[in-house]
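Undergrad: Below are the chains, spelled out letter by letter.
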Amino acid sequence: MLAYIVRRLFLMLVTLFGISVIIFVLLRIVPGNIVDILFDAAGYVDPADKANLEKELGLSDPIVIQYLKWIGGLLHGDLGYSYVSEKPALQEILPRIPITARLAGLALLFSASIGIPLGVLSAVHQGTRLDYALRVVSLSGLSLPSFWLGLLILMASVSMLGWMPIYNPNPQTWAEAFAIYCIPAMAVGFRSAALTMRITRSSMLEILRQDYIRTARAKGASDASVNYHHALKNAVLPVITVIGIEAAFLIGGLIVTETVFNIPGVARFLVEALRWRDYPIVQNLVMFIAVVVVVVNFTVDMLYAAIDPRIRYGD
Amino acid sequence: MAVINFDAELKRAGADATHGWRRLTFLAQRYLLGTIGLVIMVLFVAMALSADLISRYDPLAVDSAHRLAAPNALHWFGTDSFGRDVWSRIIHGARISLAVGLGSTALGASIGVIVGLASGYLSGWVDLLFQRITDILQSLPLLVLALVMTAALGPSLPNVIIAIAIPLIPTVARVIRANTLALRELPFVEAAKSIGMSEMRIAFRHVLPNTLAPLIVLATAQLGSTILTEASLSFLGLGIPEPYPSWGRMLSESAAEYVRVAPWLVIFPGIAISLAVFGTNLFGDALRDILDPRQRG
Amino acid sequence: MRSVRALAVAALCWLSAYDVSLAETPKSGGILRMYHRDSPGSASIHEGASYSFNVPFMPIFNNLVIFNQHIPQNSVDTIVPELAESWAWSDDKKKLTFKLRNGVKWHDGKSFTSADVKCTFDLLMGKSQQKFRQNPRKSWYDQVNDVTINGDYEASFNLKRPQPALLSLLASGYSPIYPCHVSPAEMRTKPIGTGPFKFVEFKANESIKLTKNPDYFRKGLPYLDGIEFTIVPNRSTAILGFVSGKFDMTFPTEVSIPLLKDVKSQAPNAICVVEPSNVATNIIINSSAPPFDNLDVRRALALALDRKAFISILFEGQADIGGTMQPAQAGLWAMPKEMLETIPGYGPDVNANREQARKLMQKAGYGPDKHLQIKVSTRNIPIYRDPAIILIDQLKTIYIDAELDVVDTAQWFPKVARKDYSLGLNLTGNAVDEPDQSFYENYSCDSERNYTNYCNREIEKLFDLQSSETDPEKRKKLVWEIDKKLQEDVARPIILHSRTGTCWQPYVKNVTVMSNSSYNGYRYEDVWMDK
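The listed protein sequences derive, respectively, from chains A, B and W. For the first sequence, the working numbering gives the first residue as 418, with consecutive numbering after it. For the second sequence, the working numbering gives the first residue as 106, with consecutive numbering after it. For the third sequence, the working numbering gives the first residue as 13, with consecutive numbering after it.
Be a bit skeptical, because a hint or two may be false.
Reference excerpt, derived from the structure (chain A facing chain B, CB under 10 Å, subset only) [said to hold, decoys possible]:
no.	residue
1	Val438
2	Leu443
3	Val699
4	Val717
5	Met719
6	Ala723
The calculated lysine to aspartate or glutamate pairs, modelled on DMTMM-like cross-linking and capped at a C-alpha distance of 20 Å, are [unchecked claim]:
no.	chain 1	residue 1	chain 2	residue 2
7	W	Lys521	W	Asp501
8	A	Lys504	W	Asp50
9	W	Lys150	A	Asp466
10	W	Lys231	W	Glu537
11	W	Lys276	B	Glu362
12	W	Lys387	W	Glu415
13	W	Lys427	A	Glu503
14	A	Lys504	W	Glu213
15	W	Lys215	A	Glu689
16	W	Lys408	B	Glu362
17	W	Lys39	W	Glu240
18	W	Lys427	A	Asp463
19	W	Lys215	A	Glu471
20	W	Lys408	W	Asp381
21	W	Lys143	A	Glu689
22	W	Lys106	W	Asp50
23	W	Lys486	W	Asp154
24	W	Lys496	W	Glu481
25	W	Lys489	W	Glu353
26	W	Lys258	B	Asp168
For the record, the hints were derived by calculation from the structure and aren't laboratory data. Idealized CB from N, CA, C, for every residue including glycine.
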């Protein structure tokens, strides 16, 4: 077990290192840098000024040196300074994390509380009209672009309620707090709920076919007891894995949803920083996202292994 | 990877289905949702192919006299702020979405197959290397990677296809690798080896055809998500640039300005995206049921 | 003596403006909530070249002089003192002296003196040790030899030649006085001013907060307790926010005409004004390479434009046709209509113009069987992209098949500088309705912002002539002549001058939107809320 964990941790580091190289190189391929953008506002570039600024920002160093400087800083907890705001990148990124985390947490909660029960229901009633209807609903959930859903929600809430959920860091009432977080969370969570439901359904089905369930049934256990006691307990395992997959899935949805609802979280910040060619922000944010995904996957695997004794710690 | 035996299935259902047409109708009933999905997909493909014939206007033609017209007999889906016909733009937009969907799925899948085969068949350091690359690509959300890629490559149709294809590679490679590993141990591969067939030939002649079923299932499932990713990229202003009538682009920026004056500008492209993705998802689901019975529900 | 007269007029205007505003007794208190259209690159107005900087940060500062904040049409006659108590031109018109206000304090408690004035303009002229990262309006001070001080409360601008326009430039929202004791880098992140509001915080892509300066030198002002900007880049989300009452005011001059209709139907009580913004949508032409090195092709392009169609599509009819200078009524220097219509392409009969254009194209070797293939480059921003789409459609009428080439902001300027384009769609905003600013910046041979490299030494002489002309009527005639010549040369065809809307809730009082600039009207010291 220990050897397995150590090996996984080592591979995690390799992955993160690879990501850092890829993201760094990709950003250097991007045509145009922050200096071009800053001067763009001025309407012209003085070559000497441009060279000075590039030097000041360390952009004229050889690419390997730039990379080493970044990684060196990162290992000491120094993320560098945002090119645009000139504030420490950490200071720019940190306060935005809880906002996105809250949103993601609510979206996961939403998707689990809708997806799991509906998935079970669908599996238990396999082949019935209810199952059909639920499958169609979940598929259409996966088909709706979350930004479109967000736009429709905004449109509807303004024309019907004369009011809209716009982000406010200090919500005055509970209703406002609910609107600010829960409505966007639902817009994102809708797709995750559909995904959760599908996976719950199929893993539930698989378990319902297992021998011990049949045995339980043969012994005369009631349907409800079999379905909800024996089967669901075991079906939860694969659902945990889904959360791992969803961590990555959610971030994509959060990017567009934070844009639509104007929520100043990390996801939208990434798009903005990319537009500004604010390398220190983009690099560190992408690394942050990667760390989250990698750690979540690792934790899920460990959890899975801890719960399910059948898993062997090999490859 | 046994492909389902239709004849057996037909017999079991008690249908007198020796005739080709009957077989089809039986299958259509058996997999009703999948058939609906297939029909939707075929309709979209037909729409894209015949866009020039069935669109009533040039999708780029500006008409200052008929701006923001509500849907009517002349403009079925209304017009946008430039007086461009929304119906014609959606039809031409189908080309973009399909080009991106099919293009990036095909590109991602073929690279994924090569990587997966090589990784599963050759093992050793090749496998190790490819595995790590797959790990890396899978640790970044699809949209994040595509965002950075389009920013790096610049917004154009081929670049968007590449940007969306690359994140697909690991998903495909993983499945192909797992299948290849399983197949390698099977007797017929052993047999091929014993008669002195080259590794390369075995991989392509024997292993690849047997991984086709899961590949098709996977590719169809990915098709919808590539269309959605393109729409999201375009919505964020990093996808296919104007003047191409991409569905995602039609929903972004300036279109969103007219959200309440001209709701048809938001409603129709959104429906087009959702319907196209819904179609591929339905079809993909049925295909999985048919080709990959282990997952079957 | 003129200066005395100007001062008197200015004082009168100031008083009369006060009369109007005092019709209701202003109430103190309240935080004005606005949205901001994007996240400005920094908090330093001098290093910005967009009014995204002026709107949120102008309330922090004061100028030497400023355009009266309650007269929409900025002109030299509406200039009023701010940090200066008075000003005077020397007899040879080559020295402009300001007497400064006593007892003004910076937000950090230090006293404001003439040294701060000198520091600010030395920085702008590139004469000081410290440097701006970028200095987009350096050319405004090309005619200034140096700034000298006499004691703590007098500063003089010494000019190379007479330039009456200098005073107008100094009165722009772009010309705040910066403190000597704060570095340019700090001014980008934590600006210190003397103005009615103090800087609290600026969170990129999120918000900008200002709070009341209780020690403001105008006693009793400002009325507001603070101003908060929420950054909302998505226009429709922003408008929805205003309509639903989340914001007291929209971002100034950012509500497009179609959105305005939306606002009016959703929030019938909102007060909205539409004013010209002195932003010209124009075409930059690469005349150094084929095909546009051929004057015939350039003329054909000018003749192909259906300006009315642009205006009806983009502004629902609410925009103006003109030359380089902003059209009347709001514009001070516009050519008379009769003169304008004699310029090729400005005549009312579009079909006749295009017929003529096709003849020119045929002369250049193109025709129905041989179309000219080009790209129209522009930035990936709707206000740039949208007119480009229409332009491409119109070029079809004169055998030109154009393709849109959307360029990322980071690459746009380098691309233009490399001359890697044939036609570009561009927007030119003018901070001050002043020929010196427009002509030198956009058309003089050596200007960095003359993207097209249009260079005509004859015309350049006329630029200097009008600039040093002290008789306003004579100067106006000269400006008309220059403007007409620039259009006939197809130096940079002007498609239209935009108008935009600003809206606020009925309880917001004393907001005036300028009619010939979007850069100058945001001091907000006497804005108040009846709540």
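Undergrad: With reference to the structure, classify each hint as holding or not holding.
TA: Hint by hint, here is what the structure shows:
1. Val438: Cβ of Val438 (chain A) sits 9 Å from chain B, so the hint holds.
2. Leu443: It holds, given that the least Cβ distance between Leu443 (chain A) and chain B is near 5 Å, below 10 Å.
3. Val699: holds, 7 Å
4. Val717: Result: violated, 13 Å to nearest chain B Cβ.
5. Met719: This interface hint is violated because 17 Å lies over the 10 Å limit.
6. Ala723: violated, 22 Å
7. W:Lys521 x W:Asp501: violated, 46 Å
8. A:Lys504 x W:Asp50: holds, 18 Å
9. W:Lys150 x A:Asp466: Holds - the C-alpha atoms of Asp466 (chain A) and Lys150 (chain W) are around 13 Å apart, at most 20 Å.
10. W:Lys231 x W:Glu537: holds, 11 Å
11. W:Lys276 x B:Glu362: Cα-Cα ~14 Å, so holds.
12. W:Lys387 x W:Glu415: holds, 5 Å
13. W:Lys427 x A:Glu503: Violated, at about 27 Å.
14. A:Lys504 x W:Glu213: holds, 12 Å
15. W:Lys215 x A:Glu689: With a Cα-Cα distance of about 13 Å, the restraint between Lys215 (chain W) and Glu689 (chain A) holds, given a limit of 20 Å.
16. W:Lys408 x B:Glu362: violated, 28 Å
17. W:Lys39 x W:Glu240: holds, 18 Å
18. W:Lys427 x A:Asp463: Distance ~15 Å between Lys427 (chain W) and Asp463 (chain A) Cα, so the pair holds.
19. W:Lys215 x A:Glu471: With Cα atoms ~24 Å apart, Lys215 (chain W) and Glu471 (chain A) exceed 20 Å; violated.
20. W:Lys408 x W:Asp381: holds, 13 Å
21. W:Lys143 x A:Glu689: violated, 27 Å
22. W:Lys106 x W:Asp50: Violated, because 41 Å separates the two Cα atoms, which is more than 20 Å.
23. W:Lys486 x W:Asp154: violated, 23 Å
24. W:Lys496 x W:Glu481: It holds: about 19 Å lies between the C-alpha atoms, which stays within 20 Å.
25. W:Lys489 x W:Glu353: The given pair, whose Cα atoms are some 17 Å apart, holds under the 20 Å limit.
26. W:Lys258 x B:Asp168: Violated: Lys258 (chain W) and Asp168 (chain B) sit about 36 Å apart, past 20 Å.
Going through the hint list in order, the structure does not satisfy hints 4, 5, 6, 7, 13, 16, 19, 21, 22, 23, 26.
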